[in-house]
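Engineer: Sequence:
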Amino acid sequence: MALIDTVMATLHLVVGGLWTGSVLFFALAVLPTARAGNIRAAAFESVVSRLTMWSRGASLVMFATGGHLAGTRYTAESLFGSGRGHLVLGMLALWFVLTGLVEVGRARAKDGLAEKKVRTPAEKAAPFYLGAALVAVLLLVDAGLLLN
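Heads up, the sequence shown is in this note's numbering, so the first residue is 9 and it goes up one at a time.
By construction, these hints were calculated from the structure, which means they are not laboratory data.
Honestly, I wouldn't trust all of these hints.
Restricting the straight-line Cα-Cα distance to at most 20 Å, the calculated cross-link-like pairs of lysine to any residue (SDA-like) are [what the hints assert, rightly or not]: (1) K125 <-> A115; (2) K118 <-> N46; (3) K132 <-> A44; (4) K132 <-> V112; (5) K132 <-> L142; (6) K132 <-> L32; (7) K118 <-> W62; (8) K118 <-> S54; (9) K124 <-> G45; (10) K118 <-> I47; (11) K124 <-> I47; (12) K118 <-> L146; (13) K118 <-> V38; (14) K132 <-> N46; (15) K125 <-> N46; (16) K118 <-> A17; (17) K132 <-> L36; (18) K118 <-> E131; (19) K118 <-> T14; (20) K118 <-> V55.
Keep in mind it's a predicted model, so treat the numbers as computed, not measured.
Construct the entire structure; sequences and hints are all you get.
Structural biologist: Rendered as structure tokens:
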């Protein structure tokens with residue numbers, strides 16, 4: 009394997025792990041705190057904003073590194089005609105869904121945060137962030153299946 013392939017694979021795994029981990033942490037630790045009203049609006053808004061920016065950046069890195077890896081490891085035939093290729097395509101679809109859910113969650117939370125509220129925006133955003141957490145787990149399962 010060439011050095012560039014190793015760098016791309018490492019970057020892909022590290023960013024993917026950090027991205028899914030940050031979404032899970034937000035959904036399972038920060039969001040329940042906000043739903044209970046135990047965090048200030050400014051702090052919650054800051055965390056939502058950082059998660060969104062991280063998600064946007066991570067999705068670009070994942071697309072670039074994943075595109076490189078798919079382009080060097082698969083042909084169109086093997087990508088669309090094999091089990092491993094289907095896992096890669098499934099991963100691509102899940103990355104798009106994860107990005108979309110984080111974006112919609114942010115939009116739902118942002119409306120109430122402008123009014124310095126926490127519980128209501130957190131409640132409105134919760135289904136999207138919890139969905140994102142589920143997608144993050146599915147991505148990790150998909151990645152694990154690709155390792156075999």
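Engineer: Now tell me if each hint is right for this structure.
Structural biologist: Hint check:
no.: 1; hint: K125 <-> A115; in the structure: holds (14 Å)
no.: 2; hint: K118 <-> N46; in the structure: holds (18 Å)
no.: 3; hint: K132 <-> A44; in the structure: holds (13 Å)
no.: 4; hint: K132 <-> V112; in the structure: holds (10 Å)
no.: 5; hint: K132 <-> L142; in the structure: holds (17 Å)
no.: 6; hint: K132 <-> L32; in the structure: holds (18 Å)
no.: 7; hint: K118 <-> W62; in the structure: holds (17 Å)
no.: 8; hint: K118 <-> S54; in the structure: holds (11 Å)
no.: 9; hint: K124 <-> G45; in the structure: holds (12 Å)
no.: 10; hint: K118 <-> I47; in the structure: holds (15 Å)
no.: 11; hint: K124 <-> I47; in the structure: holds (11 Å)
no.: 12; hint: K118 <-> L146; in the structure: violated (27 Å)
no.: 13; hint: K118 <-> V38; in the structure: holds (15 Å)
no.: 14; hint: K132 <-> N46; in the structure: holds (16 Å)
no.: 15; hint: K125 <-> N46; in the structure: holds (11 Å)
no.: 16; hint: K118 <-> A17; in the structure: violated (35 Å)
no.: 17; hint: K132 <-> L36; in the structure: holds (16 Å)
no.: 18; hint: K118 <-> E131; in the structure: holds (12 Å)
no.: 19; hint: K118 <-> T14; in the structure: violated (39 Å)
no.: 20; hint: K118 <-> V55; in the structure: holds (11 Å)
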